[in-house]
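J.: Got chain A sorted already, so can you dock chain B onto it with the hints?
Those protein sequences? They're chains A and B, same order as listed. When you line the first sequence up against this note's numbering, it's residues 369 to 641, in that order. When you line the second sequence up against this note's numbering, it's residues 369 to 641, in that order.
Bear in mind the hints are in silico, worked out from the structure with no lab data behind them. A portion of the hints provided could be inaccurate.
Pair by pair, the computed Cβ-Cβ distance ranges are [to be verified]:
| # | chain 1 | residue 1 | chain 2 | residue 2 | range |
| --- | --- | --- | --- | --- | --- |
| 1 | B | Ala394 | A | Gln530 | 33 to 43 angstroms |
| 2 | B | Pro569 | A | Asn467 | 25 to 35 angstroms |
| 3 | A | Leu412 | B | Ser380 | 52 to 62 angstroms |
| 4 | B | Glu614 | A | Gly401 | 44 to 54 angstroms |
| 5 | A | Asp504 | B | Ala566 | 41 to 51 angstroms |
| 6 | B | Asp504 | A | Glu614 | 29 to 39 angstroms |
| 7 | A | Ser452 | B | Gly453 | 42 to 52 angstroms |
A short list of chain B residues far from chain A (calculated; beta carbon distances all over 12 angstroms) [said to hold, decoys possible]:
| # | residue |
| --- | --- |
| 8 | Lys381 |
| 9 | Ala382 |
| 10 | Ala398 |
| 11 | Arg409 |
| 12 | Ile415 |
| 13 | Gly453 |
| 14 | Ala566 |
| 15 | Ala619 |
| 16 | Ser632 |
| 17 | Leu639 |
Footprint (simulated), chain B over chain A, 3 or more residues, beta carbon under 8 angstroms [said to hold, decoys possible]:
| # | stretch |
| --- | --- |
| 18 | 431-442 |
| 19 | 487-500 |
| 20 | 508-516 |
| 21 | 521-530 |
| 22 | 533-542 |
Each residue gets a CB set at the ideal place from its N, CA and C atoms; glycine is no exception.
2 protein chains.
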Amino acid sequence: MDQHQLIDTIRSKASFLCVGLDPDPARIPAHLGTGPQAALRFNLGIIEATSDLAVAYKPNVAFYEAMGAEGWGVLQATMDAIPSGCLRIADAKRGDIGNTATRYAEAAFRQWKADAVTVAPYMGRDSVEPFLAFEDKWTILLAATSNPGAEDFEFHGAEGGQPLWRRVMEVSRGYEGAERLMYVVGATRPELLAECRAAAPDRFLLVPGVGAQGGSLEEVCAAGWAPKLAGGLLVNVGRSVLYASEGSDFAEAARLEAKTIQASMAAVLDLNR
Amino acid sequence: MDQHQLIDTIRSKASFLCVGLDPDPARIPAHLGTGPQAALRFNLGIIEATSDLAVAYKPNVAFYEAMGAEGWGVLQATMDAIPSGCLRIADAKRGDIGNTATRYAEAAFRQWKADAVTVAPYMGRDSVEPFLAFEDKWTILLAATSNPGAEDFEFHGAEGGQPLWRRVMEVSRGYEGAERLMYVVGATRPELLAECRAAAPDRFLLVPGVGAQGGSLEEVCAAGWAPKLAGGLLVNVGRSVLYASEGSDFAEAARLEAKTIQASMAAVLDLNR
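Looking at chain A on its own, in the form it has when it is part of the complex:
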């Protein structure tokens, strides 16, 4: 899915909702059973109930790795179940160099059939460009996150110049294939999101942290809106959709919650038409 197709999808669905698929074994409704296959049934129920409301799904790879060998199959079956009109984001935060990075990219783009993968920037150019070399795919680079630990390194360097997150956004613009970059920016600090938008006016931002983690959709849109990109935002919501109900009505409850969020997104898109 290229940028034009993504913008068209956002406009036609009146949504920029990304649903995070992080199936927590402790919170999967009891009637689905237990173990990796229960997680798969849960994911399939969530996807079926929300696929007209979401433009992207984001399985968090850690949840599948922790299931053991069977988790790999659950991840692949989950990716397969995501309709082709939605962006499939492997949230893997990989980061290694050269031919190792190429192998991580092959796992994400060829094995899991993801359209996009999240990548950590620490090792620099030769850890990012092997992902960007896949011409029909997206690389979503960690920039400014909103976890407490972000202060440790992401904000380092500001005394003498710019914080690390800003250098990541600036330097990565020069990478080969940079037109296939997006950035991860946390939702809970709107002023930071505005700075990120200024640093990358022409790129999509993947914004986790809305909902259960405390970010506000209205503040995110006010701070991060890029008019030429139909907003240029993919707002990820995880727990508040997944666990809207932990009973046998989990899918209907997830749909209701997703519908509420999508309606808010439609209103923002309408205002900014």
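T.: Then chain B, alone, in the frame of chain A:
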């Protein structure tokens, strides 16, 4: 394996060799066949031929992920084949926060049964401490690597204070469980390795880049030696051991190469007794 046991192992084997298990499908000897099971046969041959000469093995997880679902089984069978007297390092460079990080740690330590895992520091404390919470395990944090892209971010911030890699080493010393940290430091810049040793005099350093990548064992030891830790170095060698021969004598050739390296290590240990 705790620090005392690791030091004892280094002394008794007269070696601080870590063998990188990065099976490249294009370089596996033809008589082993093709596909994931050929990679496993290759790994088993390498391990059997070198396990008295090495103190650690480091499977690079990307190589197994790129094989698809079967790769997971190959990684587990490889880990299982590493004798318990050797440190099993999952080179995964994971980096995510909170309960996601815990799941990556569970995958590495519980599913793959690794003794140690490499971790990327970008997201800070809450992306590292979930690994450190595993009391009988090691977390090996990326610090100063020697790939060209390291200039992009690892060396950022030096004008106004310290480079990022040094901040990573300083700040992480304050993390809960920091006594279970090691650091990844590249071999090809001895002066940088000396700075890293000064920043972490009491920690083991995992040093890739010796051999095919151009680092010299003698320079690494001169720059990075920590006398109280029997050197405090795990020197990783990959391709020059794995592909010493690409014929049916690959295991014998790997042993000869590993033996040459181990003999050099024994001499350094003897000199520094």
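J.: Could you run down the list of hints and mark each one as holding or not?
T.: Hints, one by one, checked against the model:
1. B:Ala394 <-> A:Gln530: 33 to 43 angstroms: About 41 angstroms separates the Cβ atoms of B:Ala394 and A:Gln530, which means 33 to 43 angstroms holds.
2. B:Pro569 <-> A:Asn467: 25 to 35 angstroms: This hint holds: roughly 34 angstroms between Cβ atoms.
3. A:Leu412 <-> B:Ser380: 52 to 62 angstroms: holds (53 angstroms)
4. B:Glu614 <-> A:Gly401: 44 to 54 angstroms: Holds, at about 48 angstroms.
5. A:Asp504 <-> B:Ala566: 41 to 51 angstroms: Holds, since A:Asp504 and B:Ala566 (Cβ atoms, about 47 angstroms apart) stay within the stated range.
6. B:Asp504 <-> A:Glu614: 29 to 39 angstroms: holds (34 angstroms)
7. A:Ser452 <-> B:Gly453: 42 to 52 angstroms: Since the Cβ atoms of A:Ser452 and B:Gly453 sit about 50 angstroms apart, the hinted range of 42 to 52 angstroms holds.
8. Lys381: holds (28 angstroms)
9. Ala382: Holds: least Cβ distance 30 angstroms, greater than 12 angstroms.
10. Ala398: holds (21 angstroms)
11. Arg409: holds (19 angstroms)
12. Ile415: holds (20 angstroms)
13. Gly453: Non-interface label stands for B:Gly453: nearest chain A Cβ at 25 angstroms, farther than 12 angstroms.
14. Ala566: holds (20 angstroms)
15. Ala619: holds (23 angstroms)
16. Ser632: Correct as stated: the minimum Cβ-Cβ distance to chain A is 26 angstroms, above 12 angstroms.
17. Leu639: Per Cβ check, B:Leu639 is outside 12 angstroms of chain A; nearest 33 angstroms; holds.
18. 431-442: Result for this restraint: holds, n = 7.
19. 487-500: holds (count 9)
20. 508-516: The restraint on the stretch 508-516 of chain A holds, since 4 of its residues have a Cβ under 8 angstroms from chain B and three suffice.
21. 521-530: holds (count 8)
22. 533-542: holds (count 3)
In the structure shown, no violation is registered for any of the earlier numbered hints.
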